[in-house]
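> Build out the structure end to end from the sequences listed, making use of the hints.
There are 2 protein chains.
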Amino acid sequence: MSEQPDENRTDIPKDAPDQDVVDAAVVEALDKGDVPGVGQLVGRLHYADVADIVERLDPERRDKLVEAIDNDLVPDVLAELDEAVREDVLEDMDVEQIAAAVRELESDDAVEIVEELEAPDQQKVLDAIPDMDRRLIQESLAYPEDSAGRLMQRETVTVPTHWTVGDTIDFMRRSADDSSDGELPPTFYDIFVTDPAGRPVGAMHLSHLLRSKRPVPVTEVMATELKLIPVTMDQEEVAFVFRQRDLVSAPVIDDGGRLVGAITVDDVVDVIHEEHEEDMLALAGVGEDDLYDAAVDTTKARFRWLLVNLFTAVLASLVIGLFEATLEQVVALAILMPIVASMGGNAGTQTLTVAVRALAMRELTTTNAARVIGKELLVGGINGILFAIITGAVAWVWFQDQTIGLVIGLAMVVNMLVAGLAGASIPLVLDRAGVDPAIASSVFLTTITDVVGFFAFLGLAALILL
Amino acid sequence: MSEQPDENRTDIPKDAPDQDVVDAAVVEALDKGDVPGVGQLVGRLHYADVADIVERLDPERRDKLVEAIDNDLVPDVLAELDEAVREDVLEDMDVEQIAAAVRELESDDAVEIVEELEAPDQQKVLDAIPDMDRRLIQESLAYPEDSAGRLMQRETVTVPTHWTVGDTIDFMRRSADDSSDGELPPTFYDIFVTDPAGRPVGAMHLSHLLRSKRPVPVTEVMATELKLIPVTMDQEEVAFVFRQRDLVSAPVIDDGGRLVGAITVDDVVDVIHEEHEEDMLALAGVGEDDLYDAAVDTTKARFRWLLVNLFTAVLASLVIGLFEATLEQVVALAILMPIVASMGGNAGTQTLTVAVRALAMRELTTTNAARVIGKELLVGGINGILFAIITGAVAWVWFQDQTIGLVIGLAMVVNMLVAGLAGASIPLVLDRAGVDPAIASSVFLTTITDVVGFFAFLGLAALILL
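Protein sequence lines correspond, in order, to chains A and B.
Going by my numbering, the first residue of the first sequence is number 1, and it counts up by one from there.
Going by my numbering, the first residue of the second sequence is number 1, and it counts up by one from there.
Careful: at least some of the hints might be erroneous.
Some chain B residues near chain A, calculated using beta-carbon distances under 7 Å [as the list claims (entries may be wrong)]:
| id | residue |
| --- | --- |
| 1 | THR187 |
| 2 | ILE272 |
| 3 | HIS276 |
| 4 | ARG302 |
| 5 | GLY321 |
| 6 | LEU336 |
| 7 | ILE339 |
| 8 | THR365 |
| 9 | ASN368 |
| 10 | ARG371 |
Hints in this document: simulated from the structure, not taken from any laboratory.
Glycine included, each C-beta is placed from N, C-alpha and C at the ideal position.
In C-alpha cells:
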C-alpha cells in the first residue's frame, strides 16, 4: 500500500465554497433527466452532504434526486435528513425501499425513520425486516418520544466482570470474524462491564483498555463512576448531562438497573441543536423549525402567535383610548408615544433573552435569582436615566416644550425599570410554574412594557401638561 | 473485587433536584467560615458540579469557595468555569496557584486559562511551568482566537504507516508503563497514521483497531477519508464539520499538511453552545452572555443597542409627525396606530428568526433563497388578509366606523407582506455582505415594519378618511 496521502480525499476548505456550484450542477442534471449524471455527481460526496442537497431542493426535485442516488447511499441519507424533509421523501418511497433502508441502519436511526411512518406503513415495514431488528425497534418505540430510550443505540459491547483485557480483545476479534456481525456496533467508545443480572458495574474507555496488558482483569481497567441514564430520561436532560460531564457515550438502564443500550455523543449533538433551536424560535413565536414546512402549515402555526399578539396590541390601544381627551389637546403626545413603549420592549427583551437562556443552561437558579433580578433592576435604572436625559432633550428641542421633555423622561425611567424587573422575573415565574419560559415569556413582557409605556407617558402628560 | 455495583456512585436522577439544597448547605458553611465543612460538601461532587456552584455564588463567596476546595480539584474546576466567572476567580488567585493548575491540565484547557491572564501574569505563569508544556501553550497562543489552533489538544497518538496492529498495541502498553506518561493523552478516540513528513494519511478508530489481529498492517485498518482541519479554521466552521460528519475527533494540520493536534467532540460541544448563544443573544441585542458580568459592564453593552433602537423609534415618530394634521382631526387613529406596526414587527421577527437560524445552520443558501422568500411572502400575505379581517372588524365595531376598519385592514395586509419580505431578505443581504445577520437584522426589520406600519395606516387614513 502506498504511503502517500490519498489525493482524492475530500478536504473541508475545498468543498465549502463549492456548495452552490454542486447544487447548480445537480439541479441542471435533474432537469435534463440525466440520472447517471446525477448519480455521478453525488456519488463522490459524503452522505451528509447529499442529505444537505436534498434538503435545499424543492419537493419535486428532491424525489427525483432520491431516486437517482445509489441504493447504498439511501439509508444514511435518510437518517441525516431534517424531519419535515424526510417525511416528504418517505411519502414518495415504496414500503420495500423503506424496509431495505431500515434494515441497513443502526437501531437508533432506524427508529427515527419508523416512528414517522403512518400506522399501516409502519406495520408493513416492520413485517419486512428480520425478527431481531424488529424486536429492537418495537421496544424502542415503546419508550416515550424524546426519551433516552428513543435516542439510544441498542447494540452495545458488554463483558462480564470476571474477564481480562485479553478475553475482551479476543472476543472482539472473534465477533469481527463472525460473518453475521450481529454483535458489535460498527463504532463504539466504551465497553460496559455488567454483573450477572446485566447491570452495568463499570465502563472501559477503549484507550484505557488498549494500554493495559492482557492478563489485567477488566474490573481494574474500568471506571466505576458511571453516569447511568434511565431509559425514560428526557433528551434535554440527557444533553445536559453529556455537556456537563464531557461524555462521549453513556449506558442506558431500565427500571431494574439493567443495561439496555448506550447513547453516543453524535446523537446528543443533534439534540443540543434541536433544543437550542426550540428556545430561539419559541422566543420569536415560531413553534419549530418551519423552513421546510409547506406554506399553509407555516401560516397556521404562526397565526396562533400573531393572534395572541393582536390581543396585546389591542390592550395597548385600550390604554391609549383612556387618554383620548389628552391626545385631542396635545397631538405631540401621539407622535412621541411609541418611543417609550418601544424602548421598554427592547430593554425588556435583552433581559428576557439572557434569563431564558440562563434557565435553559441551568445557570439561573434559586441561589442567584434574587441577585440577577437586583442586577437587572440596576441596569434598567441606569439605562433608564441615561435614555430619559437623551429622549427628554430630543423631545424638548423638537416640540420646543420642556414639560413634554420632562414627561417623556419620567415615563422612560419608569418603563425601563419595569422592563428590567419583568424581563428577569417573568421567565423565573413561568419556569417555577412548569411552563417553558421560552414560549410564553415574550408575550407577557411586551404586554407589560406596552401597557406601562403608554400609561406612564400619557398618564404623566395628563397630570403635568394639562 | 466485588461484582456488586458501587452504591456510592452518583446517579443523575438524584443530584438534579438536590442542587438547591447543596447550594444552600455550601452557602451556610461558607458564611460560618467552616472550611473543612465546605471541603467535605464539595469533595464528593464531580468537578463540573463544583464549577456550577462557583458560578451561582456571588463574587465574595466564590473566592472563599475556591480557597476551601481541595487543590486537586482546582485545575478541572477552573477549566469548567464560565469565562466571566473564571476571570473573577483568577484575579484572586496568586501566580503560583495558577501555574500549578495550568501544569495539571491538558494543553487545550491550559491555553484557555493562560489566554485570559494579563500580560505580566501570563509571563509569570509560563515561566513557572515545564519547558515542554510552555512551548505547546505558546504555540497555541500564536494561533488566532477562536481558531482550530486554540481549540485543539496538542497531545495526539500517531504511528508510522509501516506499523502493524500489534506494534501499535505494544507501543501504547509501553507508553502507559513509562512513568513520565508524557506521550499518551489520558483519553483519545483515534490513532493517526502519519507519513515520514508527519502528514496524516489515515485514522484508526480504536474500536476498529481492537477487532483486528496483531499482524494486520495499520494501513489496512485505518480510514483514509479524513476530514483534515486546517489550524486556522474558525471554530464555527469546525463545529459545523463535526456536526455534519458526526465526528468524535479530527486531525488538525498546519500549512504544510503536517499533523499538529487533534480536536475532540467535547470541545466542539462547548463551541456549539457558544455559537448558539451568540446568535440567540445577538438577535435580542445582547453582545454576549452577560449573566455573570458586573452591572456596569452589562449596562454599557446594552446601552449601545438601545441607542440604535432609539434612533429607530424617533424615525417612526417622525413618520407619525408627517400626519399631525390627520391625527388632530381623527384621534381614533392615534389609538389604533400601534396595532399595525406591532403586528408587522411580530410577523417579521418570526420570519427573521427562522432565516437567521437557517443561515447559521447552512440550510438557507442561494439554491433555495428565492423559494424561501416566496414562501414567506405567501405566508405574510395569507396571515395579512386574515388579520386584516379580524382587526378591521374590531376597529369598525369599536369606533362605529367602517371606513376606519377598511383603512386598518389595508394597512395590515401591506405591513404583513413587507414584514415577510424584509424578514427573509434582510438576513440574506447582510450575510452576503459579510455581516453577521444575527447582530444587525432585527434593527433593520423593526425600522422597516414601524415606518411602513405607521406610514401605511396614517397615509391611507389621510387618503380615504379625509
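> May I ask which of the numbered hints given earlier this structure violates, with the numbers listed in increasing order?
No numbers; nothing is violated.
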